[in-house]
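Engineer: Residue numbers (numbering that gives the first Met the number 0): 0 to 429.
The set of hints was computed from the structure by calculation and includes no laboratory data. A portion of the hints provided could be inaccurate.
Listed next, the in silico DSBU-like pairs over lysine-lysine satisfying Cα-Cα at most 35 Å (straight line) [to be verified]: (1) LYS316 / LYS209; (2) LYS316 / LYS342; (3) LYS187 / LYS135; (4) LYS211 / LYS135; (5) LYS94 / LYS63; (6) LYS365 / LYS342; (7) LYS211 / LYS368; (8) LYS94 / LYS72; (9) LYS94 / LYS187; (10) LYS152 / LYS316; (11) LYS63 / LYS211; (12) LYS187 / LYS211; (13) LYS394 / LYS368; (14) LYS209 / LYS187; (15) LYS187 / LYS72; (16) LYS368 / LYS316; (17) LYS94 / LYS135; (18) LYS72 / LYS135; (19) LYS63 / LYS342; (20) LYS135 / LYS152; (21) LYS187 / LYS152; (22) LYS394 / LYS365.
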Amino acid sequence: MGSFQALRGTRDVLAPEISYWQWVEQVARQQFAQAAYQELRTPIFEETALFARGIGEATDVVGKEMYTFPDRKNRSLTLRPENTAGVVRAYIQNKLAAQGGVQRLWYTGPMFRYERPQGGRQRQFHQLGAEVIGSKDPRADAEVIAIATDLLKQLGLTTLTMDLNSVGDASDRQAYRQALVDFLTPYKDDLDADSQDRLTRNPLRILDSKDKRTQEIIVDAPSILDHLSPESQSFFDRVQQLLTDQDISFTLNPRLVRGLDYYTHTAFEIQSSDLGAQATVCGGGRYDGLVEQLGGPATPAVGWAMGLERLMILLQKLHAPPSSPMDFYVVSRGDGAEAQALKIAQALRRQGFATELDLSGSAFGKQFKRADRSGAVACLVLGDSEAESNTVQLKWLQSGEQITVNQSTLLEDAASLRQQVTQARSTHSG
RNA sequence: GCGAGCGUGGCCAAGUGGUUAAGGCAGUGGAUUGUGAUUCCACCAUUCGCGGGUUCAAGUCCCGUCGUUCGCCCCA
């Protein structure tokens, strides 16, 4: 072959699809700004130990999905598989706690996990995430969830469902873990192989096994919700109440267990039925122990992350790509005219008009055909005679009306030109 | 990491061992060397993801490999 191709599980995002990405970023940026969240950008690779300690040694992500490599000084580095650990590291390192109060943060960027690629799952994928660090108020949970649901709604995704659970605090979990192990041990031989393995390592994960027989057994298993301390229970009740007050609907799912060890109390997932096996679009929850776990002061926190590739799959099914149509298409022929055409195109752009310049030098007929297809509202035509008289033909493509304008006066009244463009466009679409 | 399916030009494809590899869309040039439609003409795969094998003969069968899709797994 001899040519290169993007590595397995990575891909290029090109023209029509990219506009969905830009749209999502724009909507998110605006929403976060309105809610007083600051964007932060953290490095794409970090010390391996950050993830191992933050996410948990026993998790699948750390155990078998990380891109880990030695650098030239033989330090173990890892391409971030998620960004909460990195954000918390940044919070600690930059002493954001010292600023007092609550830190509201958001980010977007690539993440890396070595998994078998599948629809909605790549090795390099992108997340958009929000973290609220420094508040133990259940309103923080409700706010951060509301921002996620509002964002999705604003993107037109209205058929998503949310599962909600509480995994309690560390001691609730400890007690529940024991109860679960006690319950499952007699059935050990009937569990699927993965679940048997998890019985000692990470028993809570057995709850979302998809194995039929395991599921039958789990039906009667004790529920985490029966093992919450009174404090955890009332916290969870409050979160639910706050969500209901905002008309955010959810389904209580006591078997929802998140795969990363740092979660405490609130856990939630937003899912779509249009994504096959990779149904989760957004997932998150509270992680009150993580800041301390990573060497900072004991600090409560909540957050979530959205999978952008999955979001794009849904958006592409839902609507046509958001387009940004051209205002002008500049057609020219002949040396003098072509040079003037470039100058005019740049002048229009400086005034804020979206302007495409035809560089083909082909016959006017061909250029007009392209002008038509470009979606531009108007066409500017320069040939030898225009070049000589320093004029330009302004042709409105919808009506076919064409007038001669002096090049120097074309942009004299940009506001009125803008108005004409807007009007021509609205009669076109109306 | 495991299982199954698929891989023909930029896109959608026909083709199921006997050939010169259909067709459509898009693109480029021309009929029309200064005006968008339609129409017409021409060009656009020495080759069927890649490598090897079987056969007189392979896009078609076999093996390997790469990619991709679906499920498991995992999670966003």
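Engineer: Now tell me if each hint is right for this structure.
Structural biologist: Results for each hint:
Using a Cα cut-off of 35 Å, the hinted pair LYS316 and LYS209 holds, with the two alpha carbons roughly 27 Å apart. Of the supplied pair hints, the one linking LYS316 and LYS342 is violated, its CA atoms being roughly 41 Å apart against a limit of 35 Å. For the given pair, LYS187 sits about 38 Å from LYS135 by alpha-carbon distance, which is inconsistent with the 35 Å threshold. Between the alpha carbons of LYS211 and LYS135 the distance comes to roughly 38 Å, so the proposed pair goes past 35 Å and is violated.
About 32 Å separates the Cα atoms of LYS94 and LYS63, which keeps this hinted pair within 35 Å; it holds. Note on LYS365 and LYS342: the hinted pairing holds, with a Cα-Cα distance of about 22 Å set against a maximum of 35 Å. Annotation: proposed proximity of LYS211 to LYS368 is violated, straight-line Cα distance about 60 Å (limit 35 Å). A hinted pair counts as satisfied when its Cα atoms are at most 35 Å apart, and LYS94 with LYS72 qualifies at roughly 28 Å.
Using a Cα cut-off of 35 Å, the hinted pair LYS94 and LYS187 is violated, with the two alpha carbons roughly 47 Å apart. This hinted pair checks out: LYS152 and LYS316 have alpha carbons roughly 15 Å apart, not beyond 35 Å. Between the alpha carbons of LYS63 and LYS211 the distance comes to roughly 25 Å, so the proposed pair stays at or under 35 Å and holds. Proximity of LYS187 to LYS211 is assessed by CA-CA distance (about 14 Å); at most 35 Å being required, the pair is judged to hold.
Using a Cα cut-off of 35 Å, the hinted pair LYS394 and LYS368 holds, with the two alpha carbons roughly 13 Å apart. About 16 Å separates the Cα atoms of LYS209 and LYS187, which keeps this hinted pair within 35 Å; it holds. The straight-line distance between the Cα atoms of LYS187 and LYS72 is roughly 46 Å, outside the 35 Å bound, and the hint therefore fails. Restraint check: the Cα-Cα separation between LYS368 and LYS316 comes to about 30 Å, which is no more than 35 Å; the hinted pair holds.
Proximity of LYS94 to LYS135 is assessed by CA-CA distance (about 19 Å); at most 35 Å being required, the pair is judged to hold. Our distance criterion of 35 Å between C-alpha atoms is broken by LYS72 and LYS135, whose separation comes to about 41 Å. Taking the CA atoms of LYS63 and LYS342, the gap is about 57 Å. The hint is violated against a cut of 35 Å. About 27 Å separates the Cα atoms of LYS135 and LYS152, which keeps this hinted pair within 35 Å; it holds.
Taking the CA atoms of LYS187 and LYS152, the gap is near 43 Å; set against the 35 Å cutoff, the hint is violated. With a C-alpha separation of about 16 Å, the suggested pair LYS394 and LYS365 falls inside the 35 Å cut-off, and the hint holds.
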